[in-house]
Amino acid sequence: MSATVATNRDMPSFYGKAGSLRSERRWALIWAYISLIFSAIILLTPPVYMLITSLKTSGEIADQKGNPWIVRNPTLENYWELITNSLFQGFFINSVIVTLVVVALTMVISIMAAFALARMRFWGSQVLATGVFLTYLVPDTLLFIPLYQIVGGLGLLNSIWGLVLVYPTLTVPFCTWIMIGYFASIPKELDEAALIDGATWPQMLLKIFVPVALPGIIAATIFAFTVSWAAFVYPTAFITTPDQMPLTIGVVSQLVRGDVFIWGQITAGALLAALPPVIVYAFLMDYYIAGLTAGATKG
Amino acid sequence: MAADATTAPIMPSAPGSGRASSLQRVARRRSTIAVLMTTPLLVVIIGLVAYPAAYGIYLSTLNRRMTGFMEGEWLPTGLGNFEILLESETFWAVAWQSCIFAITAVILKALIGFWLAHMLHHIPSKGQRKWRGMLLVPWVIPPALSTLGWWWMFDPAYSSINWLFQVFGIPAVPWLGEKWWARLSIIIVNVWYGAPFFMIMYLAALKSVPEQLYEAAAIDGATSWQRLRYVTLPMMANIISITVLFSLIVTFANYDIVRVLTNGGPRDLTHVFASYAFQVGILSGNIPRGASISLFMFPILAICAFFVLRGVTRRNKEQM
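Chains A and B, in that order, are what the protein sequence lines are.
If you read the first sequence in this note's numbering, its first letter stands for residue 1, the second for the next number, and so on.
If you read the second sequence in this note's numbering, its first letter stands for residue 1001, the second for the next number, and so on.
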């Protein structure tokens, strides 16, 4: 597609006329907007359609005749039923507990380790830093069966604390890796000055590194939050009763029962469950994107 | 370290000795503190990644009841699970489907992501933030949840996509009911979810290409195709390969989209390694067999990981 555009655009510039160069630019711009609008429509259609469905009554969803893309009698009934449903409230509370504990643990573990790896060179620190990156590349689907046995051996199957135990495998390696990158970019003069002033290593970390690397810490926290909120493999494998389920697996498994699909509630539930990461993203987009791209560019 | 500490007091009290011993103390404290600070990380890496990985290899050699090693007919004792898998038609179908799915999806994501990044890079930078924010939304929604929305759009009875098709006179498509359509549906959802990530990575890379290079190319009379081929692509080569290999790992090991969209159906034809391992290992309770299925992912993941690591190290060296 871009090849045809390129030839269209380059014919005029080949002759080197200033006026045609400007029109070339204009066409490139128009083409860019057309493709962006087109892809935005495709990329946003599924969530928008979920929103449309969630505002319909079950009767309207079951009615096959009309246009499925419009809502005739918008209602918040689906949302209201979910919010007042104690099962759904339980999913939400479980997700919040697991995510908060995991994010806190992750940040403490990875900030301390990243500081030691970035600044206090010791035997094996290089190997360990590489090892951290490699563990980040190990997917959860490779480990869930042995972890199922291990968590079962500890008696934590079907408990949110089993999830708290295993989620750090998803978050700690990446957060440590990007924190190493952020800490390494802090000038060495800063810690030399602190050492001369008699600061201890923990003081240096808390009083200098944490404040200076705050953007990196926010990015890593957002990453840990979104990953633990969206985790799916471990809860599906470990959790079997609804009272211990976090939101993702709760919405997928409990609102879909047998052959009866209450699509209004399913889509409403999915949207409500997706809301926290979307809100975080909406307000902290730049940190979110910084964390996303840091994996390959920092460290 | 201990030896240094004992020799320090014997030294004559020259002006420098006070500083030397305090430096030693700092050094000693520094290494102990460093070890203390990395211990939690080591616990996570060894206890929750390395040990389970080794344990997974051990599990895969056991028999179903986990009372002893799995006997093999032509492979040595302990490799019986692998033997059964290699002889099973379903397993080969799963292996093929995993490869088809991962390779097609990653290529499409890379192309679409590159195209989107390029288009975004073209428009005035004032509007870029807004567009970027909008286009990244699929990546932000947890995939298990957005797949529910896709499932509903693919629903055989009320498919809203088919409704749109019908408006344009295109015949209805059996999205999740027929083998190749179901496979395509999974790829569509994965591409929809992953392409924005590629876009963000490529956009960051595009922005890091120095403007002077393009100016120089323009002075030399390069066409825009030549600019792309001889300036942009070489400058981005490393980040492209890192992103593609990273995405290959994640896509190859994907579980949630298959689980929610088709759950392996129709007739186990859309299973990938992860979902098949889940079905055999957890749902059917044959843990050793499930462990051996997921181990088949290991070689390709190891190769990708090796090259990702090489790319990242090279990139860091360039930046220094």
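Derived by calculation from the structure, the hints in this document are not laboratory data.
Careful, some of the hints might be misleading.
[Said to hold, decoys possible] Label-pair restraints from in silico Cβ distances:
id : chain 1 : residue 1 : chain 2 : residue 2 : range
1  : A       : E77       : B       : Q1226     : 54 to 62 Å
2  : A       : W161      : B       : L1111     : 37 to 45 Å
3  : A       : I262      : B       : Q1226     : 54 to 62 Å
4  : A       : E77       : B       : F1307     : 51 to 59 Å
5  : A       : A193      : B       : A1302     : 55 to 63 Å
6  : A       : T84       : B       : P1124     : 46 to 54 Å
7  : B       : L1213     : A       : L29       : 19 to 27 Å
8  : A       : I41       : B       : G1072     : 53 to 61 Å
9  : A       : I42       : B       : E1087     : 36 to 44 Å
10 : A       : K207      : B       : Q1226     : 18 to 26 Å
11 : A       : N67       : B       : S1125     : 33 to 41 Å
12 : A       : T57       : B       : F1298     : 43 to 51 Å
13 : B       : A1237     : A       : T57       : 35 to 43 Å
[Unchecked claim] Derived list of chain A stretches under chain B, where covered just means 3 residues or more per stretch with a C-beta under 8 Å from a C-beta of chain B:
id : segment
14 : 66–75
15 : 82–94
16 : 186–197
[Stated by the list, open to error] So, partial list: chain A residues that the calculated Cβ filter (under 8 Å) puts toward chain B:
id : residue
17 : S39
18 : Y79
19 : V127
20 : A129
21 : L134
22 : L154
23 : G155
24 : L157
25 : N158
26 : A230
27 : A237
28 : T248
29 : Q254
30 : F283
Note that the structure is a prediction, hence the values are computed from the model and not measured.
Positions of the beta carbon are idealized from the N, C-alpha and C atoms, including for glycine.
Taking the hints in turn, this is what the structure says about them:
1. The hint said 54 to 62 Å for the Cβ distance between E77 of chain A and Q1226 of chain B, and at roughly 59 Å that hint holds.
2. For W161 of chain A paired with L1111 of chain B, a C-beta distance near 43 Å keeps the hint of 37 to 45 Å intact.
3. Checked against the given bound of 54 to 62 Å, the beta carbons of I262 of chain A and Q1226 of chain B, roughly 57 Å apart, stay inside it.
4. The hinted window of 51 to 59 Å between E77 of chain A and F1307 of chain B holds, with their beta carbons roughly 52 Å apart.
5. For the pair A193 of chain A and A1302 of chain B, the supplied restraint of 55 to 63 Å is violated, since their beta-carbon distance comes to about 44 Å.
6. Restraint check, T84 of chain A to P1124 of chain B: a C-beta distance of roughly 47 Å satisfies the suggested window 46 to 54 Å.
7. Range check, L1213 of chain B to L29 of chain A: Cβ separation about 22 Å, and the 19 to 27 Å hint holds.
8. Checked against the hint of 53 to 61 Å, the C-beta distance between I41 of chain A and G1072 of chain B comes to roughly 54 Å, which is consistent with it.
9. Checked against the hint of 36 to 44 Å, the pair I42 of chain A and E1087 of chain B passes, with Cβ atoms roughly 43 Å apart.
10. At roughly 53 Å, the beta-carbon separation of K207 of chain A and Q1226 of chain B lies outside the given 18 to 26 Å, and the hint is violated.
11. With their beta carbons about 39 Å apart, N67 of chain A and S1125 of chain B fall inside the hinted range of 33 to 41 Å.
12. A C-beta distance of roughly 49 Å is found between T57 of chain A and F1298 of chain B, which places it inside the suggested range of 43 to 51 Å.
13. A1237 of chain B and T57 of chain A have their C-beta atoms about 54 Å apart, which leaves the hinted 35 to 43 Å range violated.
14. Taking a C-beta to C-beta cut-off of 8 Å, the segment 66–75 of chain A contributes 3 residues in contact with chain B, enough for the three needed, and the coverage statement holds.
15. Chain B is given as covering the segment 82–94 of chain A, and this is violated because 0 residues of the stretch bring a CB closer than 8 Å to a CB of that chain, at least three being needed.
16. Coverage of a stretch by a chain is defined here by at least three residues with a beta carbon nearer than 8 Å to that chain's beta carbons; for the segment 186–197 of chain A and chain B the count is 1, and the condition is violated.
17. Satisfaction of the interface hint for S39 of chain A is found here, the shortest Cβ-Cβ separation to chain B being roughly 6 Å, below the 8 Å cut-off.
18. Residue-level restraint check for Y79 of chain A is violated (minimum Cβ-Cβ distance to chain B is 15 Å; threshold 8 Å).
19. Annotation: V127 of chain A was flagged as interfacial toward chain B, and the flag is violated, the nearest CB pair being 11 Å apart, outside 8 Å.
20. With 8 Å as the threshold, the beta carbon of A129 of chain A stays out of range of chain B, its nearest partner Cβ sitting at about 10 Å, so the hint is violated.
21. With a least beta-carbon distance of about 6 Å to chain B, the hint placing L134 of chain A at the interface is held under the 8 Å criterion.
22. Here the hint on L154 of chain A is broken, as its CB sits about 11 Å from the closest CB of chain B, past 8 Å.
23. Against a cut-off of 8 Å between C-beta atoms, the interface hint on G155 of chain A is violated, since the closest Cβ of chain B lies about 17 Å away.
24. About 11 Å separates the beta-carbon of L157 of chain A from the nearest beta-carbon of chain B, more than 8 Å, and the hint is not met.
25. With a cut of 8 Å, the hint placing N158 of chain A at the interface with chain B is violated, because the nearest CB-to-CB distance is about 12 Å.
26. Hint on A230 of chain A holds. Least Cβ distance to chain B is approximately 3 Å, under the 8 Å limit.
27. Interface restraint check for A237 of chain A: the shortest CB-CB distance to chain B comes to about 5 Å, inside 8 Å, so the restraint holds.
28. Using the Cβ-Cβ criterion of 8 Å, the hint placing T248 of chain A at the interface with chain B is satisfied: the shortest such distance is roughly 5 Å.
29. Annotation: interface hint on Q254 of chain A violated; nearest CB of chain B at approximately 12 Å, more than 8 Å.
30. Contact between F283 of chain A and chain B, as hinted, is not supported at the beta carbon level, the nearest pair being about 11 Å apart and thus beyond 8 Å.
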